[in-house]
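Based on these hints, arrange chain B on the given structure of chain A.
Protein sequence lines correspond, in order, to chains A and B.
Okay, so the first sequence: first residue is 1 according to UniProt numbering, each after it adds one.
Okay, so the second sequence: first residue is 1 according to UniProt numbering, each after it adds one.
Calculated from the structure, these hints are not laboratory results.
Treat the hints loosely; a few may be bogus.
Since the list gives no way to pick out one identical chain from another, each pair is judged satisfied if it fits inside one copy or across any two copies.
Stated by the list, open to error - In silico DSS-like links for lysine-lysine, alpha-carbon gap of 30 Å or less:
id	residue 1	residue 2
1	222	88
2	329	139
3	60	88
4	329	43
5	166	222
Just so you know, these numbers come straight off a predicted model, no measurement behind them.
Protein chains: 2
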Amino acid sequence: MPRTTIHDIAKALNTSAATVSRALNDHPSISEATKVMVRVTAKQLNYQQNRMASSLRSGKSMVIGVIIPSAEISFFGSVIHGIEEVAKARGYNVLLFQSNERYQQEVQGIQTLLQSNVDGIIASIAKETTHYSHFLEAKRRNTPLILFDRAIEDLGVSTVVIDDYKGAYMATEHLVEQGYRRIAHIAGPSHIKIFHERLRGYVDALSANKLVVDEDLIVYGKVSIDSGRERMNQLLQLDLMPDAVFAVEDFTALGALQAIKETEFHQPGQIGLVGFANEAFSAYITPSLTTVDQQTNIMGREAAQLLLNAITGNANTETLPQKIVLDPKLVVRDSSRPPDQ
Amino acid sequence: MPRTTIHDIAKALNTSAATVSRALNDHPSISEATKVMVRVTAKQLNYQQNRMASSLRSGKSMVIGVIIPSAEISFFGSVIHGIEEVAKARGYNVLLFQSNERYQQEVQGIQTLLQSNVDGIIASIAKETTHYSHFLEAKRRNTPLILFDRAIEDLGVSTVVIDDYKGAYMATEHLVEQGYRRIAHIAGPSHIKIFHERLRGYVDALSANKLVVDEDLIVYGKVSIDSGRERMNQLLQLDLMPDAVFAVEDFTALGALQAIKETEFHQPGQIGLVGFANEAFSAYITPSLTTVDQQTNIMGREAAQLLLNAITGNANTETLPQKIVLDPKLVVRDSSRPPDQ
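Only chain A is shown next, with the shape it has when bound in the complex (with noise of 0.2 Å):
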């Protein structure tokens, strides 16, 4: 049986698909009499009597939506629970849309939230995406929009981000205290900007310590477990081996770390090696993996935050877009232990 719509209560009542409309959403000309009707009628054929109706109304749904490249990530299944603490709390609730790091399924994700009628959208980008005409949509629909951790600024968006070149600067920073000489970088697509700031903070601890910053030692991967592997195999065969690797995040750091072990040489001990977010597994691995802390619990109250006040916000108060800018923690375990002697 086809679900009940509106024009199923208009037939059982004989009248017309706009009259039960009016009278479902409380309208004026519309007698007591007719919306008693109407709503018991819509009761008995188990209408949907949804916020969709009263939405159109007020505009309002009480829901937002969360774009995330991906749910497997743990990071982003963090920060949806940040985000999520905040929202329901206000009495909202969230809907997930993964994009797979793809744009179409980015644009698509969009398009399905606000079909949805969702009060807000919180987004962090896809890999894939190097247009954003779709996030210009929200915007222009008047449905607030905030972006986190990838974000980019041109969009004139209020953003949550951690301060990545820091994060970088201080993982490249604590391989030098550790005692490396050689460390290299595995980049990710510089088109992103938190990996490129990665970049800029790796380089810029390796001046600041008076380290040459050696091209050789800085390769570009995608930000994956096999792309970690191909790249670090590729660091492995070069005439004058890095002792220690700082990557880009932590799946790239885990591949790395998979190269490492299928080599003589065996962390730890022989090559310090320094991820980035935090990952779950990153505890668990052997050896467990020093990692950058991106605040993702922070990162995703303050988002909810920043949403729900310009969903709920003066529309006669224009506010410029704010960037919160959180500080990255080093955590230190296991594969940046001093190099041998």
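For chain B alone, coordinates are given in the frame of chain A:
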């Protein structure tokens, strides 16, 4: 600026909201000229010309909703990929809702998805849930519902599960074949059917292999790392310690492994260990974890196919609920190597 509603359009055109609604819904009682004016004005005002209005008419949104206990459990992330593959190939978008293992949030998930006008719902039940009438609400509203993995049959809806009994039987028998004799089981809450089935499989595999089922060796955990560690410590304090453990799922196994590592006994070679679920981390921990793979991608694909068949099916054909049972696969890694002599 608040979102544009049909009342804004009506005001701008000096007409009624009902007329605007009818015009947007292409109602025959409205003149073509009026429809054009409404559409032009709606566009000027950035009215959210979404599927809501048309879905009020047709009852179709081309969106399906998925309720999962947690996006941070990679098992669910992997099932979602299977669901999305099938859904996207047939033009459907997928919205996700996390219950965070909470009954109340699961109830809100059903409401939120119904209010978002999804065409159907796929769900896996939260640990906390013991009442199921919220799922019946979906059925009552003629929104097809499919349950996967954590499913119950009493609701009269189609389900996709793996044979948990068989998986547990295989896991336990594997430990017996490797040479272990005092095999403990860290079970899950037994009101959840899949966990009860795993307990049954464990008991029957021991009996079939002529090993005594020692009730001291069966402890009940809460399906988490912390709980796995606690229950393992409890087992390690027995006068007659187990020589192996079958954990109800991989997070529990990971906690048990941590507890074992903290004692004088060290994996592998002292206490055999098998988990269940083949979580993402299971391959990367040391020792790598022997576990039971749940065919997650196939599970997602089958669930999506059942749901889309129900959504697009012939309304006159009343079909009985289907039950698809997938075969589990044992993934043998280092944690179950034969015991040292």
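Against the structure, the hints come out as follows:
Taking identical chains as interchangeable, the C-alpha atoms of residue 222 and residue 88 lie at most 30 Å apart only when they sit on different chains, with a minimum of 25 Å there against 35 Å within one chain. In the homo-oligomer, the alpha carbons of residue 329 and residue 139 never lie at most 30 Å apart, since the shortest distance is 33 Å inside one protomer and 48 Å across protomers. For the identical chains of this complex, residue 60 and residue 88 are neighbours both inside a copy (15 Å) and across copies (28 Å), given an alpha-carbon limit of 30 Å. With identical chains, the CA atoms of residue 329 and residue 43 are never at most 30 Å apart, being 55 Å at best within one copy and 47 Å at best between copies.
Proximity of residue 166 and residue 222 under a CA criterion of 30 Å is satisfied intra-copy only: 22 Å inside one chain copy versus 39 Å between copies.
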